[in-house]
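So the sequences go chain by chain: A and B.
All residue numbers for the first sequence refer to this note's numbering, where the first residue is 59 and numbers rise by one.
All residue numbers for the second sequence refer to this note's numbering, where the first residue is 25 and numbers rise by one.
Please note that the accuracy of each hint is not assured.
The calculated BS3-like cross-link candidates involving lysine-lysine, where the alpha carbons are at most 30 angstroms apart (straight line), are [claimed, not checked]: (1) A/K301 to B/K200; (2) A/K298 to B/K197; (3) B/K223 to A/K301; (4) A/K301 to B/K82; (5) B/K258 to A/K301; (6) B/K252 to B/K313; (7) B/K223 to A/K298; (8) A/K248 to A/K182; (9) B/K223 to B/K130; (10) B/K201 to A/K301; (11) A/K298 to B/K313; (12) A/K182 to A/K151; (13) B/K201 to B/K258; (14) A/K301 to B/K197; (15) B/K60 to B/K92; (16) B/K68 to B/K57; (17) B/K200 to B/K258; (18) A/K298 to B/K92; (19) B/K68 to B/K130.
To be clear, the hints were calculated from the coordinates, so they are not data collected in a lab.
The lines below spell out each chain.
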Amino acid sequence: MATFDSLFPGMLLDSASRFAQDHVSTEVTGDPVRELGWTATIVPEEAGGVGASLADLASIVEGVASYGLHLPVVEACGVVPVLLQAAAPDVAKRWLEAVAEGSAQIAPLTALSASLDEATVQAKHLDIGFELDGEVLGADASLPASHYLVPAQLEGDLALFLVDAERIGAPAASYRTMEGARGADLKLAKLSVPEGACIARGAAARDSLVAADNVALLLNGADTVAALSALIQHTLAFLKERKQFGVQLSTFQVLRHRCAEMYLKYMGAKGLVIHCFHEHEAGAADLRRTLRLAKVSLAEAARFCAEAAIQSHGGMGMSEEVLATRLAQRLLGSEFRYGDRLAHVARLLAPQATAAEGRNVSNLTGSAR
Amino acid sequence: MSIDYAAFRRELEEFARKACPPEIRAVVAAGQKVTKREYQAWQKICNAKGWGAPSWPKEAGGTGWDIKQRLIFEEVMAESDCPPLYHHGLGHIGPVIIRFGTTEQKARLLPRILDGSDWYCQGYSEPGSGSDLASLQTSARREGDEYVINGQKIWTSHAHEANMIYMLVRTSKEPKKQDGISLLVVPMDTQGITVRPIKSIDGWHHLNEVFFDEVRVRADNLLGEEGKGWTCAKYLLERERLPPANVARLELVRRQVTRLVDEAAAAAGARRDFSTLRHKLLLCEADVKGARVLMANATDDMIHQRPLGVQPSVIKMICGECAQRLTTIALDAVGPQAAQRFLADAGEDVAEATWIQNYMFTRSRTIAGGTAEVQRNVVANELFGA
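Construct the complete structure from the given sequences, taking the supplied hints into account.
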């Protein structure tokens, strides 16, 4: 029997699913990500967090994605805590505590479409403090932010700044993203920030941005698999329910084969994402390469299934009122987060990338958790 | 007298260059959605020149052009970034009126299509009756010299801006569901018609549900015989499946996407690898060349009243899927920026996002007008003889 087992089952998945189900057809108001305490998930216990694993955070991502709900869980609960740990221990602890208890609403000021280490902001060291200059196109703006974490180019290397949102000001433009979330363009025009705003630079900043990007790619993968699972289940239910030419659509061989193909893609994607979590847990030397490979492969699977689901729903598939259509949009939107397939292929095929990103044999055994 | 096709092409090129307003050409060149405003303006301009209906016979107000002239017209207009002529009136219901309409109906309805006064939408699909068109339930009962319509249509493109609808209705219940169907043309401002928008995945508003509650329409709006609407519908569908597959437009899109890929590749430098997209573009170029010949042959058959067979289905699939591949390439080229900046709150266009909208919209090319699955069944039935 074909199964749609969850990647990371458990209470966190159940509660996130319930929340998403309750809000699937209503606009989310307030700041549920912080109100529900999800930002504390991977924050270490000594900093007031839950100290849970990345797999636990993936449970929440999975629950939210299953109902097509758009919340920046990856950014607020995954990327931010990892980036903050690049700071000096006392600074990191203070801000992680604020994140865990929800007193600070920190968001990454990065283009959702790009890898986190592709900083578009330039930083210049002044006599007192720094000056930030640049533009970030298409940042997530779904939730209110009290502070932004801003990666920037500083003297030929990377640096990480923590800046009051008030200093940065209102977006230059705001948008609806293709899957219905909120996006914004933010401009930093010769913005002066104090010395202490730079919380990491050089290797510390670089490593933390790569680590956060890895987390983002992993969670993005979990999101994709969860959306695929829900998408296929909704498509199957639709084909079983609807009739055309006097018979159930699910009896048409061409539609059956397409669904079977979707299921194969989903299962392949699921296996790949589990493998990526194993590699992350094991600290594999070729993790970066594996994650890039996964992003390219998941993009293919997601695109195929999204298009197949729209086609299988016929005219209904063109309407946003249908949950399967919104899930298809989400899958397409996820493709373009943290680097699209063309960007990752470029890195994978670049001669120097192969050597730099390693090519070790992966661990193929064990469960995801 | 033989036609000087080269001179004809030059005449068209000059007309397109001088007569089509730059603001309309800019919309087409950018791949943006062509709205009623542009369609209507361009229709009036072409009609004033006597070119309002390139595919209609002269006696109906058309140009009477031969097949080659019509293809040249399509190519030149596409090459010059002029919009297509709006298909629902000219390409769909117009030929049906010419073929099945009375003298009075031709005189009443055709000139208003030609000068752009009447803007039609198509009332075919119903909830539960998409590709299985014959299962439609919307009814029309005859009362004196009127029909009274009740029911619902769905996926009705442009119903919110059309002033006329041509629609299939059930006028009697027959054992064979294709029987008892009639074709009516109905003014959209008739009492009892309600239009409800459907929010579609491309972010544009073009789809609607249309509800009919005791809608009364004069009986002389019946096209063809009562109960024989299926014949008209089939005649119309054959023609519907060809114009959207317009090869000249496909070539226009191919050139637009090629330019887009070049620009995106130049901007990205070594950060993104475009070799796969360029490979796919080459295959599309080949597809368009092949489709051009198929389209010319089918149009020739249509003009000479030869049976079209499975050609409309074949061309619809080839062109529809090619259009999907082209907009998919465009999606890949612009996706990272445009996916996060899909629709601007401020209301202004997000140039790159237009290509995501086009990608989304083009999903309908294998759904509307008979799904790709239905078209493949048509071809398979022909191949297997059942």
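Do the hints match the structure? See the list:
| no. | hint | result |
| --- | --- | --- |
| 1 | A/K301 to B/K200 | holds, 18 angstroms |
| 2 | A/K298 to B/K197 | holds, 28 angstroms |
| 3 | B/K223 to A/K301 | holds, 24 angstroms |
| 4 | A/K301 to B/K82 | violated, 45 angstroms |
| 5 | B/K258 to A/K301 | holds, 22 angstroms |
| 6 | B/K252 to B/K313 | violated, 39 angstroms |
| 7 | B/K223 to A/K298 | holds, 25 angstroms |
| 8 | A/K248 to A/K182 | holds, 9 angstroms |
| 9 | B/K223 to B/K130 | violated, 36 angstroms |
| 10 | B/K201 to A/K301 | holds, 16 angstroms |
| 11 | A/K298 to B/K313 | violated, 40 angstroms |
| 12 | A/K182 to A/K151 | holds, 27 angstroms |
| 13 | B/K201 to B/K258 | holds, 14 angstroms |
| 14 | A/K301 to B/K197 | holds, 20 angstroms |
| 15 | B/K60 to B/K92 | holds, 28 angstroms |
| 16 | B/K68 to B/K57 | holds, 19 angstroms |
| 17 | B/K200 to B/K258 | holds, 16 angstroms |
| 18 | A/K298 to B/K92 | violated, 48 angstroms |
| 19 | B/K68 to B/K130 | holds, 19 angstroms |
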